[in-house]
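Number of protein chains: 2
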Amino acid sequence: MLKEYPLNRVFTLVEPGPVLLVTTAEGKKKNIMTITWSMAMSFSPTFGIVTGAWNHSFEVMMKTRQCVVAVPGADLIGKAVGIGTCSGTDTDKFEKFSLSARKAEKVKAPLVAECLFNMECEVSDHIERYGIVILECVRAWENPNRPEKRTIHAVGDGTFVADGEKFDLRREMASKLPPL
Amino acid sequence: MLKEYPLNRVFTLVEPGPVLLVTTAEGKKKNIMTITWSMAMSFSPTFGIVTGAWNHSFEVMMKTRQCVVAVPGADLIGKAVGIGTCSGTDTDKFEKFSLSARKAEKVKAPLVAECLFNMECEVSDHIERYGIVILECVRAWENPNRPEKRTIHAVGDGTFVADGEKFDLRREMASKLPPL
Numbered sequence: 001m002l003k004e005y006p007l008n009r010v011f012t013l014v015e016p017g018p019v020l021l022v023t024t025a026e027g028k029k030k031n032i033m034t035i036t037w038s039m040a041m042s043f044s045p046t047f048g049i050v051t052g053a054w055n056h057s058f059e060v061m062m063k064t065r066q067c068v069v070a071v072p073g074a075d076l077i078g079k080a081v082g083i084g085t086c087s088g089t090d091t092d093k094f095e096k097f098s099l100s101a102r103k104a105e106k107v108k109a110p111l112v113a114e115c116l117f118n119m120e121c122e123v124s125d126h127i128e129r130y131g132i133v134i135l136e137c138v139r140a141w142e143n144p145n146r147p148e149k150r151t152i153h154a155v156g157d158g159t160f161v162a163d164g165e166k167f168d169l170r171r172e173m174a175s176k177l178p179p180l
Numbered sequence: 001m002l003k004e005y006p007l008n009r010v011f012t013l014v015e016p017g018p019v020l021l022v023t024t025a026e027g028k029k030k031n032i033m034t035i036t037w038s039m040a041m042s043f044s045p046t047f048g049i050v051t052g053a054w055n056h057s058f059e060v061m062m063k064t065r066q067c068v069v070a071v072p073g074a075d076l077i078g079k080a081v082g083i084g085t086c087s088g089t090d091t092d093k094f095e096k097f098s099l100s101a102r103k104a105e106k107v108k109a110p111l112v113a114e115c116l117f118n119m120e121c122e123v124s125d126h127i128e129r130y131g132i133v134i135l136e137c138v139r140a141w142e143n144p145n146r147p148e149k150r151t152i153h154a155v156g157d158g159t160f161v162a163d164g165e166k167f168d169l170r171r172e173m174a175s176k177l178p179p180l
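Protein chains in written order, with this note's numbering: chain C, 1 to 180; chain S, 1 to 180.
Hints are not guaranteed to be accurate.
[What the hints assert, rightly or not] Chain S is faced by these chain C residues, among others (derived, beta-carbon under 8 Å):
#1 P16
#2 I35
#3 M39
#4 M62
#5 E122
#6 R150
#7 G164
Calculated from the structure, these hints are not laboratory results.
We put the beta carbon where it would ideally sit given N, CA and C, even for glycine.
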């Protein structure tokens, strides 16, 4: 059901600025959080997210040095907001939000089967001053079977915007981009 | 024509991940570049962009410690791509792309009148290892007169997506957000 996604295209999942779900696991206990502060930083599969001790998942992520970063479609917006407004300290969020955890290949954190894309990541650095965690994606997956293909962007005030009209400027930008 | 925009809402301009235009000035020479790697990092008007010596504007930004970060609407996508694929070393990009530079209040870099929003910024830090420049917005402006309100998101492969359907989950998120 999940199809491998090329690592050299992983930055294109992060660059548009979608809402992300981030899973962690320690022993049998898994958790998931919603992240809206993230950034592609190059054409490599390395990118940054901002998180910290205010997220229950943070400690496990830093201890295990692993996580999965998933890209939900717009159909999951209610779940993404629900995940972001309760805590893994007292809630099994996979159960509460009816999300299917699938075994990842390179990390112990689970994939989220309902998401459009899943990136298995290793924590490669932590810029403590700004709470920036640098993640390197080591394996990525696409779920080609979701009818809803639009991702969602958080505005930060409780409103969100889904992907709309598409523009193709590949020809105009060819000189600036790596071959994908 | 430009209306002051509250600093405590500035992070909401960056968080959704729009394509940004960044202006700099040194003496009478001004320049503008397109940035697609950026990130809100908190609810403050401080955010990060990724740039480096490969951008002609970078040296001036680091020397003057100032820039303006502008948010173009989807109607400016052709200009944003054009700006991103030529160099200020040999081109007056404001002239080439018919953009109107307006005097900013707190920095010497110019505002871009045709953009939806302009953020006057000071460079507050530089994380050299990743090319992350930390900017603090000290004054912000809105242009309420542009008919095109949609911003654009770069996918990174030469395609772009404009803002589409909006979702209002302010009630569900009230517990997690500062009052705006």
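Verification of the hints:
Given hint, P16 (chain C) at the interface with chain S, holds; its Cβ is 4 Å from that chain's nearest Cβ, closer than 8 Å. Hint on I35 (chain C) is violated. Least Cβ distance to chain S is approximately 11 Å, over the 8 Å limit. Interface hint at M39 (chain C): satisfied, since its Cβ lies 4 Å from the closest Cβ of chain S, which is below the 8 Å cut-off. Annotation: interface hint on M62 (chain C) violated; nearest CB of chain S at approximately 18 Å, more than 8 Å.
For the restraint placing E122 (chain C) at the interface with chain S, the shortest Cβ-Cβ distance is roughly 16 Å, beyond the 8 Å limit, so the hint is violated. Taken as an interface hint, R150 (chain C) checks out: its beta carbon lies about 7 Å from the nearest beta carbon of chain S, inside 8 Å. With its C-beta approaching chain S no nearer than about 2 Å, G164 (chain C) sits inside the 8 Å limit, and its interface hint holds.
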